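4 protein chains.
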Amino acid sequence: MTLRARLHRQLHIGSWPNGRLTGLNIFVVWTILLALLVGIVATEPQIRIPYQREILIAEFVFGMIFLVEYVGRIYAAPEREGPGSAWAKRWRFILSPIGIIDLIVVAVSLAPFFIANAAVLRVIRLLRIVSILKFSRFSAAMREIGAALRERSYDLIVCATLALVLVLLGAAGLYWVEGSLQPKQFGSIPRALWWAVITLTTVGYGDVYPVTTAGRLVGSIVAIGGVLLVALPTGIVAAAFSDAMQRRREAMARALEDMEGSIPE
Amino acid sequence: MTLRARLHRQLHIGSWPNGRLTGLNIFVVWTILLALLVGIVATEPQIRIPYQREILIAEFVFGMIFLVEYVGRIYAAPEREGPGSAWAKRWRFILSPIGIIDLIVVAVSLAPFFIANAAVLRVIRLLRIVSILKFSRFSAAMREIGAALRERSYDLIVCATLALVLVLLGAAGLYWVEGSLQPKQFGSIPRALWWAVITLTTVGYGDVYPVTTAGRLVGSIVAIGGVLLVALPTGIVAAAFSDAMQRRREAMARALEDMEGSIPE
Amino acid sequence: MTLRARLHRQLHIGSWPNGRLTGLNIFVVWTILLALLVGIVATEPQIRIPYQREILIAEFVFGMIFLVEYVGRIYAAPEREGPGSAWAKRWRFILSPIGIIDLIVVAVSLAPFFIANAAVLRVIRLLRIVSILKFSRFSAAMREIGAALRERSYDLIVCATLALVLVLLGAAGLYWVEGSLQPKQFGSIPRALWWAVITLTTVGYGDVYPVTTAGRLVGSIVAIGGVLLVALPTGIVAAAFSDAMQRRREAMARALEDMEGSIPE
Amino acid sequence: MTLRARLHRQLHIGSWPNGRLTGLNIFVVWTILLALLVGIVATEPQIRIPYQREILIAEFVFGMIFLVEYVGRIYAAPEREGPGSAWAKRWRFILSPIGIIDLIVVAVSLAPFFIANAAVLRVIRLLRIVSILKFSRFSAAMREIGAALRERSYDLIVCATLALVLVLLGAAGLYWVEGSLQPKQFGSIPRALWWAVITLTTVGYGDVYPVTTAGRLVGSIVAIGGVLLVALPTGIVAAAFSDAMQRRREAMARALEDMEGSIPE
Numbered sequence: 639m640t641l642r643a644r645l646h647r648q649l650h651i652g653s654w655p656n657g658r659l660t661g662l663n664i665f666v667v668w669t670i671l672l673a674l675l676v677g678i679v680a681t682e683p684q685i686r687i688p689y690q691r692e693i694l695i696a697e698f699v700f701g702m703i704f705l706v707e708y709v710g711r712i713y714a715a716p717e718r719e720g721p722g723s724a725w726a727k728r729w730r731f732i733l734s735p736i737g738i739i740d741l742i743v744v745a746v747s748l749a750p751f752f753i754a755n756a757a758v759l760r761v762i763r764l765l766r767i768v769s770i771l772k773f774s775r776f777s778a779a780m781r782e783i784g785a786a787l788r789e790r791s792y793d794l795i796v797c798a799t800l801a802l803v804l805v806l807l808g809a810a811g812l813y814w815v816e817g818s819l820q821p822k823q824f825g826s827i828p829r830a831l832w833w834a835v836i837t838l839t840t841v842g843y844g845d846v847y848p849v850t851t852a853g854r855l856v857g858s859i860v861a862i863g864g865v866l867l868v869a870l871p872t873g874i875v876a877a878a879f880s881d882a883m884q885r886r887r888e889a890m891a892r893a894l895e896d897m898e899g900s901i902p903e
Numbered sequence: 639m640t641l642r643a644r645l646h647r648q649l650h651i652g653s654w655p656n657g658r659l660t661g662l663n664i665f666v667v668w669t670i671l672l673a674l675l676v677g678i679v680a681t682e683p684q685i686r687i688p689y690q691r692e693i694l695i696a697e698f699v700f701g702m703i704f705l706v707e708y709v710g711r712i713y714a715a716p717e718r719e720g721p722g723s724a725w726a727k728r729w730r731f732i733l734s735p736i737g738i739i740d741l742i743v744v745a746v747s748l749a750p751f752f753i754a755n756a757a758v759l760r761v762i763r764l765l766r767i768v769s770i771l772k773f774s775r776f777s778a779a780m781r782e783i784g785a786a787l788r789e790r791s792y793d794l795i796v797c798a799t800l801a802l803v804l805v806l807l808g809a810a811g812l813y814w815v816e817g818s819l820q821p822k823q824f825g826s827i828p829r830a831l832w833w834a835v836i837t838l839t840t841v842g843y844g845d846v847y848p849v850t851t852a853g854r855l856v857g858s859i860v861a862i863g864g865v866l867l868v869a870l871p872t873g874i875v876a877a878a879f880s881d882a883m884q885r886r887r888e889a890m891a892r893a894l895e896d897m898e899g900s901i902p903e
Numbered sequence: 639m640t641l642r643a644r645l646h647r648q649l650h651i652g653s654w655p656n657g658r659l660t661g662l663n664i665f666v667v668w669t670i671l672l673a674l675l676v677g678i679v680a681t682e683p684q685i686r687i688p689y690q691r692e693i694l695i696a697e698f699v700f701g702m703i704f705l706v707e708y709v710g711r712i713y714a715a716p717e718r719e720g721p722g723s724a725w726a727k728r729w730r731f732i733l734s735p736i737g738i739i740d741l742i743v744v745a746v747s748l749a750p751f752f753i754a755n756a757a758v759l760r761v762i763r764l765l766r767i768v769s770i771l772k773f774s775r776f777s778a779a780m781r782e783i784g785a786a787l788r789e790r791s792y793d794l795i796v797c798a799t800l801a802l803v804l805v806l807l808g809a810a811g812l813y814w815v816e817g818s819l820q821p822k823q824f825g826s827i828p829r830a831l832w833w834a835v836i837t838l839t840t841v842g843y844g845d846v847y848p849v850t851t852a853g854r855l856v857g858s859i860v861a862i863g864g865v866l867l868v869a870l871p872t873g874i875v876a877a878a879f880s881d882a883m884q885r886r887r888e889a890m891a892r893a894l895e896d897m898e899g900s901i902p903e
Numbered sequence: 639m640t641l642r643a644r645l646h647r648q649l650h651i652g653s654w655p656n657g658r659l660t661g662l663n664i665f666v667v668w669t670i671l672l673a674l675l676v677g678i679v680a681t682e683p684q685i686r687i688p689y690q691r692e693i694l695i696a697e698f699v700f701g702m703i704f705l706v707e708y709v710g711r712i713y714a715a716p717e718r719e720g721p722g723s724a725w726a727k728r729w730r731f732i733l734s735p736i737g738i739i740d741l742i743v744v745a746v747s748l749a750p751f752f753i754a755n756a757a758v759l760r761v762i763r764l765l766r767i768v769s770i771l772k773f774s775r776f777s778a779a780m781r782e783i784g785a786a787l788r789e790r791s792y793d794l795i796v797c798a799t800l801a802l803v804l805v806l807l808g809a810a811g812l813y814w815v816e817g818s819l820q821p822k823q824f825g826s827i828p829r830a831l832w833w834a835v836i837t838l839t840t841v842g843y844g845d846v847y848p849v850t851t852a853g854r855l856v857g858s859i860v861a862i863g864g865v866l867l868v869a870l871p872t873g874i875v876a877a878a879f880s881d882a883m884q885r886r887r888e889a890m891a892r893a894l895e896d897m898e899g900s901i902p903e
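As given, the protein sequences belong to chains A, B, C and D, one line each in that order.
The first sequence maps to residues 639 to 903 in the numbering used here.
The second sequence maps to residues 639 to 903 in the numbering used here.
The third sequence maps to residues 639 to 903 in the numbering used here.
The fourth sequence maps to residues 639 to 903 in the numbering used here.
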């Protein structure tokens with residue numbers, strides 16, 4: 639096996655059977671997580687200011703690792719399955735979603751050395767975790783969840799529409815009832831929307847709340863509606879999962895029956 | 639095909655197979671959404687005052703579109719299926735729920751030019767969205783949700799009754815325990831009801847809360863009851879959906895069996 | 639039919655097929671609901687003081703209706719099914735849970751005319767609603783919910799135990815971490831329990847909350863635990879309902895098969 | 639039966655059929671619960687100071703009971719099933735998780751007499767309750783819940799990852815948007831994390847909340863995401879339980895069929 643083929647096997651998640659991660663994969667994954675952690679912690683002034691130099695060095699090291707990995711992946715891209723010349727495959731990788739995310743992460747990691755105030759951008763590294771999610775069992779679970787949700791997508795859109803209608807009516811109600819009493823909070827429907835969303839999701843910060851009897855009646859309706867609008871999609875999702883699991887079991891039972899039927903007695 | 643028939647096919651949602659929307663439908667739907675958005679945003683004083691003239695023009699244009707569409711629908715009504723003379727069909731459309739909603743929306747859109755302070759009414763346009771919901775896959779999902787809820791309606795009424803009893807007992811409890819301590823918040827059962835509803839729905843604004851040990855005990859019971867009273871209907875709804883999906887699958891399996899049985903071997 | 643038998647048929651919920659309510663039943667039910675409403679509203683000082691005389695009269699009328707109904711039920715009790723002499727049946731009714739609730743409701747309704755400050759007691763009338771819940775479809779739904787919950791009672795006890803452990807550990811954690819910082823809120827485990835319960839149920843009033851990093855870590859764990867501890871019992875309840883519905887369908891399918899099998903071809 | 643065998647039967651939960659608890663078991667369980675209650679209540683200064691002597695005596699008695707029970711268990715350990723000499727079995731018990739918990743509880747209960755300020759440690763007694771949970775029906779329920787969760791562990795990890803990503807993006811968003819406006823609350827991503835967790839779990843204390851339009855938009859997304867991220871795992875858990883119950887019923891039906899098949903007609 640050539641060096642390039644070996645590099646590809648090491649770098650490309652999913653190239654091993656059972657979606658096992660190679661040593662290099664694990665190293666890159668931990669580097670991503672560590673870089674993310676450093677990026678998050680470094681936003682804290684109490685840490686950024688005393689450890690400025692250490693953070694800068696760490697960021698540079700992370701940027702270099704990502705750059706080397708990115709270049710390595712481009713170099714090894716011709717080993718990927720599929721038709722096309724080596725450079726066609728390389729361009730396909732560069733322009734693939736994963737390739738673009740990789741480039742962004744490299745750019746973001748090295749940007750602070752050229753541009754000021756780019757620190758926030760480092761959270762974009764979070765995107766890079768997507769590549770971790772590709773190993774097989776994890777991605778199978780994601781596909782399963784996605785399929786279950788997609789199957790009932792119209793039911794879920796109905797729920798979302800009902801939620802939107804309730805939020806709009808609630809906001810309009812409080813604007814109408816308490817708009818003149820609490821102009822800063824309910825002086826317009828867009829302002830009242832914040833209250834309506836926070837009530838419907840049952841978060842309820844308490845920075846904005848109705849004070850009149852009529853307003854509290856509207857508030858109660860939105861709050862109760864919020865509880866029902868949690869129950870509805872949860873029930874739909876539960877039924878979708880239940881159905882998916884049952885179908886799989888039935889398919890397996892049928893396959894078993896067919897096998898038994900094909901055995902001559 | 640006459641012009642009237644063409645107009646009807648364009649205007650009437652559901653006249654096309656698979657519930658597809660026509661170009662005119664889509665234009666009207668976007669107009670409704672845009673009019674709703676303008677109506678909402680226009681309640682904000684910081685926008686209403688500087689852009690007063692623009693909003694007025696937009697409102698007038700929306701009102702005119704709705705008026706033309708309404709008149710067009712009345713004109714095309716004779717093309718609808720069913721018996722009766724042209725005018726009988728027209729009156730049936732005018733007096734149908736959708737017809738009345740259309741009239742209200744037209745009236746609401748043009749009202750501000752004759753009556754002052756009618757701005758809030760514009761949220762009524764939200765109702766008009768109902769007509770969008772009629773296109774087939776969406777309405778099938780709604781019917782399904784409605785059927786699942788209706789089937790377990792007595793279970794859900796039991797949950798609602800339990801919630802009502804808990805809210806009343808919680809409010810009575812806090813009125814009894816802290817009524818004299820926080821007279822403004824818990825000085826009467828109706829006043830304490832606001833706290834009870836906001837606690838049971840787990841919104842918890844924090845504008846009203848018990849401060850004594852006894853009050854906190856009652857509060858804890860209501861809060862825990864709130865969690866259970868979310869779990870119960872969610873479970874019921876989930877089971878109802880699961881059941882509906884299973885029945886459909888079994889019905890399909892039976893239909894398939896019958897088909898196989900009818901094929902002579 | 640004697641007058642007593644007629645009175646019994648009128649008064650006793652469940653004596654009619656399909657659990658239908660008689661005219662007298664409906665009158666009593668509405669009286670209970672109205673008396674409850676008056677009792678609740680009368681706790682509000684802004685209503686109690688100006689309408690003192692009207693409330694007193696209403697309360698007296700309600701008390702008299704309940705008294706007459708109670709006496710009527712005792713008088714008609716011998717018509718109930720089962721063995722025993724007329725007076726034995728009467729005593730059995732008087733000492734039955736429903737009979738005792740009836741007596742308490744009569745006593746509570748007439749008490750304010752003899753004892754001062756008994757107003758709160760009137761919420762006890764809520765209990766009387768239990769008798770409404772006896773009509774058939776409603777009570778079938780309640781029995782179904784009860785059976786589903788009882789069947790998984792050990793699973794639900796496990797959830798409750800986990801919740802209790804999490805609440806105690808959370809309270810102990812915050813007492814340990816912020817006990818000296820916020821002595822009034824977290825100065826002892828019993829004091830910190832209020833915070834723990836309000837956080838675990840995701841109510842979150844905001845009257846008490848951690849302020850240190852360690853305290854916020856504990857708070858985050860309790861909050862996340864709260865979400866999981868809603869998901870767990872909801873899932874259990876949903877599965878129990880789903881299972882109950884499926885068993886019923888299977889039982890019906892089997893009954894249908896047996897019927898088909900018994901028809902001679 | 640020797641005294642040691644009797645003692646073992648009395649002490650060892652699970653030694654009786656059906657997981658019944660012996661008189662001594664019940665006494666120990668109540669002692670644990672009482673000791674836990676005293677330990678919790680004793681943290682309250684208003685109780686600790688006036689009743690200092692009584693608490694000290696109670697703690698000493700509890701410590702002695704735990705010590706005697708621990709010594710008794712070690713003494714009776716050779717009666718346990720399995721190979722090995724008497725002392726080998728004793729050491730195996732001492733080093734088993736339950737044995738170590740027992741030792742910790744004894745140490746914690748007697749520590750305050752030697753070390754100052756060890757009161758908080760008493761909550762560790764909570765661990766001792768684990769031994770109660772071993773009686774059969776309870777532990778069967780726990781095993782069932784554990785199995786259902788484990789079976790869908792990858793789905794639940796996907797949910798947890800989504801939650802983590804949403805929390806990080808929400809915190810980064812608010813740090814970016816309101817970091818300079820509310821530096822104390824959102825001045826760094828770690829600081830903003832507290833707000834993100836409390837919003838995503840829909841607790842919403844209201845000690846920290848966005849005040850700008852952009853911040854409120856991010857806040858709304860996190861709050862709505864929180865509702866969806868409750869629905870998802872709940873649905874997964876519900877489906878897992880439903881599946882487990884169905885499989886058990888099918889297994890029983892198959893066993894019944896096999897039995898019927900083996901009966902000669």
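Quick caveat, the hints were computed from the structure, so don't treat them as lab data.
Among these hints, one or two may not hold up.
Remember, identical chains collapse to one label, so a pair may be satisfied in a single copy or spanning two.
[Claimed, not checked] Derived SDA-like pairs: lysine to any residue, alpha-carbon spacing no greater than 20 Å straight-line: (1) K822 <-> A852; (2) K727 <-> H650; (3) K822 <-> D845; (4) K822 <-> P683; (5) K727 <-> D845; (6) K822 <-> T850; (7) K822 <-> A798; (8) K822 <-> V849.
For clarity, every value in this text was computed on a predicted model and none was experimentally measured.
These are the hints, each one checked on the structure:
1. K822 <-> A852: both (18 Å within a copy, 17 Å between copies)
2. K727 <-> H650: within (14 Å within a copy, 51 Å between copies)
3. K822 <-> D845: both (11 Å within a copy, 18 Å between copies)
4. K822 <-> P683: between (33 Å within a copy, 11 Å between copies)
5. K727 <-> D845: neither (55 Å within a copy, 53 Å between copies)
6. K822 <-> T850: For K822 and T850, the Cα distance is within 20 Å both inside one copy (16 Å) and across copies (13 Å).
7. K822 <-> A798: neither (28 Å within a copy, 35 Å between copies)
8. K822 <-> V849: Both. Shortest intra-copy (14 Å) and inter-copy (12 Å) distances satisfy the 20 Å Cα cut-off.
Checked against the numbered hints above, the structure breaks hints 5, 7 and satisfies the rest.
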